[in-house]
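Undergrad: The opening residue of the sequence shown carries number 11 in the working numbering; numbering runs sequentially from there.
Keep in mind that the hints were calculated from the coordinates and are not lab data.
Model, not experiment: these values are computed from the prediction.
Note that CB positions come from ideal geometry on N, CA and C, so glycine has one too.
Careful, some of the hints might be misleading.
Unchecked claim - Dumping the calculated DSS-like pairs for lysine-lysine here, alpha-carbon to alpha-carbon at most 25 Å:
no., residue 1, residue 2
1, Lys209, Lys176
2, Lys239, Lys187
3, Lys228, Lys187
4, Lys187, Lys209
5, Lys258, Lys242
6, Lys248, Lys187
What the hints assert, rightly or not - Simulated DEER-style distance windows between Cβ atoms:
no., residue 1, residue 2, range
7, Asn158, Ala290, 14 to 22 Å
8, Thr300, Leu250, 30 to 38 Å
9, Thr196, Thr300, 51 to 59 Å
10, Lys248, Glu364, 33 to 41 Å
11, Ala264, Trp155, 19 to 27 Å
12, Asn39, Lys81, 24 to 32 Å
13, Leu20, Asn158, 38 to 46 Å
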Amino acid sequence: MYYNGYMKSLRKNCDDNWDTHGADAIPANVIGMENCIYTQNLGANGKTRQINNNIFLNNYKSGIAIWSAEKKPKADYLSNYSVSGNIFVNNAGPIRGETPNMLISSDTRNTYNFARNIDVVNNIFYLNTSNDISGISIVRNHNVWIRNNTFYNGTAAVELSGTNRKVNFNDNLYIGKRVKISANPTEFNGSGKSRNQWKMARNRYYTTNPTNLFLTPKHGGVSMDDFQKIYKTETNSKVLSGNPPVQKTISRNAYNPNRFHVVYYNKVETAGNVDFDFSAYGIPDATPFTIRDAEDYSNPVAKGRFNESSGLISFPIIANPGFELPRPSAASGKTSYVTKPLHSNLNFRIFIIEFESKTPAH
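Working from the sequences, and respecting the hints, build out all of it.
TA: What follows is the structure, given as structure tokens:
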């Protein structure tokens with residue numbers, strides 16, 4: 011799902027020109043509008059809404075927004091979600107603002123409609139601009155679990171507001187800069203404003219900013235050691251040095267067993283070919299396949315036939331890949347020079363590989 015949303019002009023006069031991008035920052039008189047999936051779920055129905063196995067790419071705001079702007083709600087309707095196995099890449103990219111790849115937020119000012127029972131697990135988040143949050147911004151929740159996710163780049167893996175009541179941030183990997191904790195130690199540990207204790211544990215960080223890994227309201231940027239002492243959390247978490255190992259993941263589609271999402275990350279940017287092992291998926295020998303770059307989906311980057319004896323398929327990491335741009339109506343005047351979506355850097359690729367269905371012999 012990509013390029014959902016639109017551009018809104020903030021021009022004072024209709025005859026004024028639209029500002030163009032001169033850098034990563036958003037143009038002064040243009041903003042991006044609408045999230046790819048904007049969702050609510052009534053807590054009273056008891057049903058879990060599942061958002062699984064998708065690619066959210068370059069949408070005009072967040073890929074997913076579990077969100078409400080109502081200040082005096084009369085019910086809980088941000089409840090019961092499972093968000094798993096998704097890939098979030100450069101959302102808000104067409105007009106780069108201070109927008110996270112995913113938003114879990116409520117503007118409630120009473121006791122209703124805090125985000126409840128939300129499980130964000132085994133997702134991949136990537137942002138290749140210098141702007142803000144590669145992963146998730148969380149505001150006013152009762153209980154959110156963020157676990158076993160991988161976050162790449164941006165200036166923060168997550169932003170955790172001081173209005174949250176219970177957060178579990180466990181077993182995640184971040185390769186980037188920092189984590190934003192907008193809560194003082196008293197709020198974080200549940201001693202004030204009826205907050206339950208937040209828990210952070212077993213996370214791994216490859217950071218370009220080890221002395222300022224955690225951005226906090228009263229202590230500024232602090233290291234892992236200082237954050238553990240001040241906030242009494244991040245149990246068994248580690249800051250790791252050197253280049254992170256190459257990350258390679260394969261995810262099979264739950265509804266079409268011939269289709270896979272393939273993700274590659276290598277901090278050392280190198281063009282060439284990378285092998286992925288498909289031997290565990292029971293694909294018959296000589297099955298034809300087509301490989302597409304998710305960011306240039308209409309143009310296949312490779313085709314071939316599966317070699318069952320080796321099980322390996324080679325994926326091309328292209329230095330200057332094709333890239334599908336948004337196509338606004340020419341009559342709208344909102345031509346693509348206003349936007350600045352970007353392909354992911356050479357260190358990150360999302361592929362979609364599809365095998366032809368083999369008709370069983372009779």
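Undergrad: Could you work out which of the previously given hints the structure breaks and list their numbers from low to high?
TA: Violated hint: only 5; rest satisfied.
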